[in-house]
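In order, the protein sequences belong to chains A and B.
0 is the number of the first residue of the first sequence in numbering that gives the first Met the number 0; add one for each residue after it.
0 is the number of the first residue of the second sequence in numbering that gives the first Met the number 0; add one for each residue after it.
There could be a bad hint or two in this list.
Heads up, the list lumps identical chains together, so a pair's fine if it works in one copy or across two of them.
[What the hints assert, rightly or not] Under the rule of at most 30 Å between Cα atoms (straight-line distance), these lysine-lysine pairs were calculated in the DSS-like manner:
# : residue 1 : residue 2
1 : Lys-399   : Lys-475
2 : Lys-111   : Lys-267
3 : Lys-237   : Lys-91
4 : Lys-111   : Lys-237
I should point out that these hints are in silico values taken from the structure, not numbers from a laboratory.
2 protein chains.
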Amino acid sequence: METPLDRLRDVLPPEAIDTSAEGTFRASLDNLRLSRCPEAVLRPADEDGVAAILALANEHRMPLTTRGAGSATTGAATPADGGWVLDLSGWKQLAVREATMSAFVQPGVTVKALDNAAAEAGLAYPPDPGSATHATLGGTIACNAGGLRGAKYGVTRDYVMGLEGFLPTGEFVRWGGNLRKFACGYNIRDLWIGSEGTLGIITGAVLRLIPRPVARRTALLAYSDEPAALAAAAAIRKRRVIPSILEFLDRETVAATLRLWHRVAPDKLTAFPRAWTADTPALLLVETDGEPVQADAEMAAVLEAAGTHAAHRHTAASAEEAETLWTVRRSCSQAMFELGDTKLNEDVVLPLDAQEPFFQAIERLRRETGLPMPTFGHAADGNFHVHIMYDAGNPAHRDKARDGIRRLMEQVVALDGAISGEHGIGLAKTPFMALQHGAAELAVMRRVKEAFDPNKILNPGKLLEPFEIWNHPRTKVRLPWDH
Amino acid sequence: METPLDRLRDVLPPEAIDTSAEGTFRASLDNLRLSRCPEAVLRPADEDGVAAILALANEHRMPLTTRGAGSATTGAATPADGGWVLDLSGWKQLAVREATMSAFVQPGVTVKALDNAAAEAGLAYPPDPGSATHATLGGTIACNAGGLRGAKYGVTRDYVMGLEGFLPTGEFVRWGGNLRKFACGYNIRDLWIGSEGTLGIITGAVLRLIPRPVARRTALLAYSDEPAALAAAAAIRKRRVIPSILEFLDRETVAATLRLWHRVAPDKLTAFPRAWTADTPALLLVETDGEPVQADAEMAAVLEAAGTHAAHRHTAASAEEAETLWTVRRSCSQAMFELGDTKLNEDVVLPLDAQEPFFQAIERLRRETGLPMPTFGHAADGNFHVHIMYDAGNPAHRDKARDGIRRLMEQVVALDGAISGEHGIGLAKTPFMALQHGAAELAVMRRVKEAFDPNKILNPGKLLEPFEIWNHPRTKVRLPWDH
Numbered sequence: 000m001e002t003p004l005d006r007l008r009d010v011l012p013p014e015a016i017d018t019s020a021e022g023t024f025r026a027s028l029d030n031l032r033l034s035r036c037p038e039a040v041l042r043p044a045d046e047d048g049v050a051a052i053l054a055l056a057n058e059h060r061m062p063l064t065t066r067g068a069g070s071a072t073t074g075a076a077t078p079a080d081g082g083w084v085l086d087l088s089g090w091k092q093l094a095v096r097e098a099t100m101s102a103f104v105q106p107g108v109t110v111k112a113l114d115n116a117a118a119e120a121g122l123a124y125p126p127d128p129g130s131a132t133h134a135t136l137g138g139t140i141a142c143n144a145g146g147l148r149g150a151k152y153g154v155t156r157d158y159v160m161g162l163e164g165f166l167p168t169g170e171f172v173r174w175g176g177n178l179r180k181f182a183c184g185y186n187i188r189d190l191w192i193g194s195e196g197t198l199g200i201i202t203g204a205v206l207r208l209i210p211r212p213v214a215r216r217t218a219l220l221a222y223s224d225e226p227a228a229l230a231a232a233a234a235i236r237k238r239r240v241i242p243s244i245l246e247f248l249d250r251e252t253v254a255a256t257l258r259l260w261h262r263v264a265p266d267k268l269t270a271f272p273r274a275w276t277a278d279t280p281a282l283l284l285v286e287t288d289g290e291p292v293q294a295d296a297e298m299a300a301v302l303e304a305a306g307t308h309a310a311h312r313h314t315a316a317s318a319e320e321a322e323t324l325w326t327v328r329r330s331c332s333q334a335m336f337e338l339g340d341t342k343l344n345e346d347v348v349l350p351l352d353a354q355e356p357f358f359q360a361i362e363r364l365r366r367e368t369g370l371p372m373p374t375f376g377h378a379a380d381g382n383f384h385v386h387i388m389y390d391a392g393n394p395a396h397r398d399k400a401r402d403g404i405r406r407l408m409e410q411v412v413a414l415d416g417a418i419s420g421e422h423g424i425g426l427a428k429t430p431f432m433a434l435q436h437g438a439a440e441l442a443v444m445r446r447v448k449e450a451f452d453p454n455k456i457l458n459p460g461k462l463l464e465p466f467e468i469w470n471h472p473r474t475k476v477r478l479p480w481d482h
Numbered sequence: 000m001e002t003p004l005d006r007l008r009d010v011l012p013p014e015a016i017d018t019s020a021e022g023t024f025r026a027s028l029d030n031l032r033l034s035r036c037p038e039a040v041l042r043p044a045d046e047d048g049v050a051a052i053l054a055l056a057n058e059h060r061m062p063l064t065t066r067g068a069g070s071a072t073t074g075a076a077t078p079a080d081g082g083w084v085l086d087l088s089g090w091k092q093l094a095v096r097e098a099t100m101s102a103f104v105q106p107g108v109t110v111k112a113l114d115n116a117a118a119e120a121g122l123a124y125p126p127d128p129g130s131a132t133h134a135t136l137g138g139t140i141a142c143n144a145g146g147l148r149g150a151k152y153g154v155t156r157d158y159v160m161g162l163e164g165f166l167p168t169g170e171f172v173r174w175g176g177n178l179r180k181f182a183c184g185y186n187i188r189d190l191w192i193g194s195e196g197t198l199g200i201i202t203g204a205v206l207r208l209i210p211r212p213v214a215r216r217t218a219l220l221a222y223s224d225e226p227a228a229l230a231a232a233a234a235i236r237k238r239r240v241i242p243s244i245l246e247f248l249d250r251e252t253v254a255a256t257l258r259l260w261h262r263v264a265p266d267k268l269t270a271f272p273r274a275w276t277a278d279t280p281a282l283l284l285v286e287t288d289g290e291p292v293q294a295d296a297e298m299a300a301v302l303e304a305a306g307t308h309a310a311h312r313h314t315a316a317s318a319e320e321a322e323t324l325w326t327v328r329r330s331c332s333q334a335m336f337e338l339g340d341t342k343l344n345e346d347v348v349l350p351l352d353a354q355e356p357f358f359q360a361i362e363r364l365r366r367e368t369g370l371p372m373p374t375f376g377h378a379a380d381g382n383f384h385v386h387i388m389y390d391a392g393n394p395a396h397r398d399k400a401r402d403g404i405r406r407l408m409e410q411v412v413a414l415d416g417a418i419s420g421e422h423g424i425g426l427a428k429t430p431f432m433a434l435q436h437g438a439a440e441l442a443v444m445r446r447v448k449e450a451f452d453p454n455k456i457l458n459p460g461k462l463l464e465p466f467e468i469w470n471h472p473r474t475k476v477r478l479p480w481d482h
C-alpha cells in the first residue's frame with residue numbers, strides 16, 4: 000500500500016523531499032532547541048508544489064509545519080507532532096517597487112536582505128528583531144515579530160499591506176494588496192499575522208517601506224539602579240519625545256555582559272565607555288533618528304530630560320562608536336548563559352506606567368527563588384525580556400524556575416500586562432495562555448482555528464494546547480546565529 | 000404569551016427601551032439613508048444591560064444591530080432585517096492617561112471629543128474621518144475609518160491597542176490592552192476592527208495617542224488637468240516626503256464646489272484664492288506638520304517637487320487662511336448634489352502607481368455613461384472618492400449609474416485596487432465583494448462569522464450577502480451633519 004510519503008514522491012521531484020537524518024534534525028527545532036523530528040522536510044519549488052502537499056496532508060491528516068530560518072524562540076517552528084515540515088527558506092524573490100514605496104517578497108527573504116534592498120532606493124523596512132540577519136519575513140510575519148524600534152516605528156504588522164498564500168484546506172487566497180488602505184470585509188490579513196503558521200501558509204507578502212532616516216544619534220546613560228533608569232525613561236516620555244530606540248538594561252544584565260567580555264575578549268573591554276563599566280549601572284541606550292536637524296533636536300531633548308540624574312553619560316561621536324555600543328548590547332542574550340546553562344526567555348509587555356511595580360516584582364522573585372533574572376528591553380514600548388536562568392541538571396533549580404516563571408506571568412497579568420509582546424506563544428508560552436485569556440476568549444480562538452483548518456493539520460500543538468516546556472530537555476546544537 | 004419585547008421589559012428599565020415612531024425611525028438609517036425600521040431601540044446603561052439583551056436576542060434569534068451616530072455611508076448601521084437596535088451613542092466615558100499616552104473610551108465618544116481631550120495633554124488622536132465631529136469611536140473602530148491623514152498617520156486600526164466588549168454569544172471578552180505590543184494568540188482585536196458590528200459588540204477601547212504636532216503648513220496647488228496634478232503628487236513621493244495631507248480634487252469636483260458656493264454664498268467667493276477659481280483647475284491641497292522646522296522643511300520640499308508645473312500656487316499665510324481652504328474642501332461632498340439628486344459614493348483605493356490609468360478609466364466611464372463622476376481623495380495613500388451622480392427619478396440614469404459603478408469596480412480590481420479603502424462594505428458595496436474576493440476567501444469569511452455568531456443575530460445582511468442598493472429608494476431626511 001502506498002504510504003503518504005510514497006504519494007508525495009508521485010507529485011514532487013526527488014530534490015524537494017528530504018528524509019535525511021541531518022535534514023530532518025535541522026528541521027526538528029528552532030531557537031527554543033526542543034527537537035521533534037519530522038518524517039520529511041519538503042522544499043517545493045512553487046505554489047503548485049505547496050498545493051499538492053496540502054492536498055495530501057489533508058487527505059492523510061498529516062501534521063504540516065511551515066518553516067523559515069527557525070529563529071523563533073518559542074518552538075513555533077518545531078514540528079511538535081512530527082509529520083512533514085514545509086521549508087520555504089529557499090523562496091527568496093524580492094522586488095522593491097520604488098514608485099509605491101513597497102516591496103513584494105517571498106517568505107524566505109530575510110529581514111536584513113529586505114532592508115538592504117530598500118536602502119538602495121533610499122527606503123527602509125523598520126521592523127528589526129534581534130534575529131534580523133537570519134529571520135525570514137515569512138516567519139516574522141507569522142509571529143508578528145517586533146524589535147528595538149517598536150515605540151517609534153511599530154512592529155511587523157504595521158508594514159504588511161498584503162499577503163498571499165494557502166488556506167489550510169488548500170485554496171490559494173489573497174488578503175489586501177499593494178494598498179495603503181483596505182476595508183473589504185473581515186481582516187483575515189491581520190488574523191494571519193501572528194497566527195504562527197496555524198491558519199495558513201504565507202507564500203508572498205507586500206510590505207510597506209518608509210523614507211530611510213538619514214541620521215542617527217546614539218547615547219548611553221548610566222544610572223545607579225533600575226528605578227533611577229526607569230524614572231529617566233518616564234521623563235523622556237513626559238517630554239513627548241519618542242526616540243527610535245530606548246533600550247533598558249538592568250544591573251544583572253550589565254554584570255553578565257561584562258563577565259562574558261572579560262572571559263572571551265578582555266582586550267576589547269578598553270573600548271567600552273566608562274558609563275558602561277563603572278559600578279555596574281543600570282543603563283539606557285538611546286537612539287534618535289530622522290533628518291539631521293530632527294535627530295539632533297530629539298537627542299538634545301532626551302539628554303535634557305534624562306541626563307540630569309545619570310551617574311554617567313556618553314554620546315557616541317561617530318557611527319563606529321555607536322556600533323561598538325550596539326555590539327555590546329547584542330551580546331546580552333548570549334551573556335545570560337554566564338548565569339546558568341538554561342534560559343526561560345520571556346518577552347512580557349507592560350503598560351508604560353507599570354514599569355516600576357514590574358521591576359519591584361522581579362526583584363522580589365529574584366530574592367524568593369534565588370535565581371538570576373537578568374532583564375532588558377524596550378522601555379519606550381514597555382516590552383521587556385526577562386530571563387530566568389538555571390542549571391537544567393539541578394532539579395531544585397528547575398522547580399524554582401518553573402515556579403518563578405508562573406509567578407512572573409501572574410504578576411504581569413495582574414499589572415494589566417501581557418505574557419508576550421513580540422515572540423508569540425509557540426509551545427513555550429502555552430501554559431500561560433489561560434492567565435492571559437479567559438475561557439470564552441480561548442474558546443472563540445479554537446473555533447477560529449476550526450473554521451480555517453477543520454483537519455487540524457497546520458502546525459498542530461501550538462498556541463492553544465498547554466505544553467510544559469520545563470519537563471522537556473533541550474538539545475545542545477549550534478545554530479547559525481550562535482556566536 | 001410573552002413576546003421578546005415583553006421579556007426585554009423584564010430586564011431593562013423603561014427608559015432603556017424606545018419603541019417610539021421617531022426613535023425607531025432615527026435608528027432605521029445611517030448616512031446611506033436607506034431606512035429599515037427596528038422594533039425597538041435599546042439604550043442599556045451598562046454592560047449588564049448589554050448582556051441581558053444579548054441573551055434574549057440569542058434565545059429568540061432576534062437581529063441586533065449596534066449603532067453609534069449613524070454617520071456610516073454604507074448602510075453598516077442600518078438594521079437591515081429589523082429586530083432591535085443597540086444604541087451605544089450615550090456611552091461617553093473618556094479618560095486620557097497621560098503617562099501612557101493613551102485613552103480609554105466608551106463607544107459613544109466622538110472622534111473629535113477624543114482629539115480635543117488629547118490636545119489638552121499635548122497629545123493627538125490622528126484618525127480624522129470627514130465625519131469626525133459626529134462619528135463615534137465605536138463606529139469608527141467597527142468600520143476601521145480612515146481619513147485625510149492616512150498616508151502619514153495611518154487609519155483607526157493603527158491606534159487601537161485594546162478592545163473590550165461582548166461576543167455575539169454573550170460572553171464579555173478583552174483583546175489587547177493598554178499595551179504597545181501584543182502577541183498572545185489569534186489577533187481577534189484586529190479581526191473585530193472593520194468587521195462592522197457583525198462579530199462582536201465593542202463597549203470599550205484603549206487608543207494610542209501621539210505627541211501633538213505643533214505646527215501645520217498649508218498650500219494649494221492648481222494644475223491644468225488631472226494628469227498634471229497626479230504627476231505632481233508622484234513627484235512629491237519621489238522626493239520621499241509624506242505630507243500629513245495630500246488631497247486631490249478633480250476639475251468636476253472643483254466646478255461643482257464653485258457652483259454650490261455661487262448659489263448659497265456668492266459673497267464668500269471673494270475669499271477663495273485665485274488658485275481655486277481660475278480656469279476650473281485640478282487641485283492639490285497639501286499640509287505638512289510636526290515641529291515648525293520640520294513642517295517648514297517638508298513644505299519647501301513639496302513646493303519644490305510639485306510647484307514647478309502648477310498653474311497657480313497659494314501658501315496659506317495664517318491658520319485662518321488655511322481654515323478657509325479646508326472649509327471649501329469640506330463642502331465638496333455636499334457640492335456633489337449640484338450634479339444630481341442621488342449619489343453612489345465609492346471610496347476605492349489604488350496602488351500608488353496606478354492613479355494615472357485609474358483616472359483614464361474614470362474619464363472613459365464618464366464619457367460612456369454621460370453621468371458626472373466628480374472624484375476627489377487622498378493622493379498620498381491612493382484612496383479616492385468617486386461619486387456617480389444621477390437623478391433617481393430617471394430610470395435611464397439609474398441604469399447607467401448601476402452599470403457605471405459595476406464597471407468602475409471592475410476597473411479598480413483590474414488595476415490591483417480595492418473596492419473600499421475606508422468606508423467599508425455595509426450594504427452598499429456587498430454586490431462587489433465577489434469582484435474583490437474569490438470564492439474561497441468569501442467562504443472562509445462566512446465560516447469566521449459562524450464561529451463567532453452561530454445564531455446569526457449581530458447586524459445580519461451585511462458584508463457577505465449581496466444587496467442591490469440601486470433598487471431601493473433612499474429616504475429624504477435631514478441628518479445632524481447635513482449643512
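Each hint, compared with the structure:
1. Proximity of Lys-399 and Lys-475 under a CA criterion of 30 Å is satisfied intra-copy only: 22 Å inside one chain copy versus 71 Å between copies.
2. With identical chains, the CA atoms of Lys-111 and Lys-267 are at most 30 Å apart within one copy only, with a shortest distance of 26 Å there and 56 Å across copies.
3. Taking the shortest alpha-carbon separations for Lys-237 and Lys-91, only the inter-copy value of 27 Å comes in at or below 30 Å, while the best intra-copy value is 43 Å.
4. Taking the shortest alpha-carbon separations for Lys-111 and Lys-237, only the inter-copy value of 24 Å comes in at or below 30 Å, while the best intra-copy value is 33 Å.
Of the hints listed earlier, there is not a single one the structure fails to meet.
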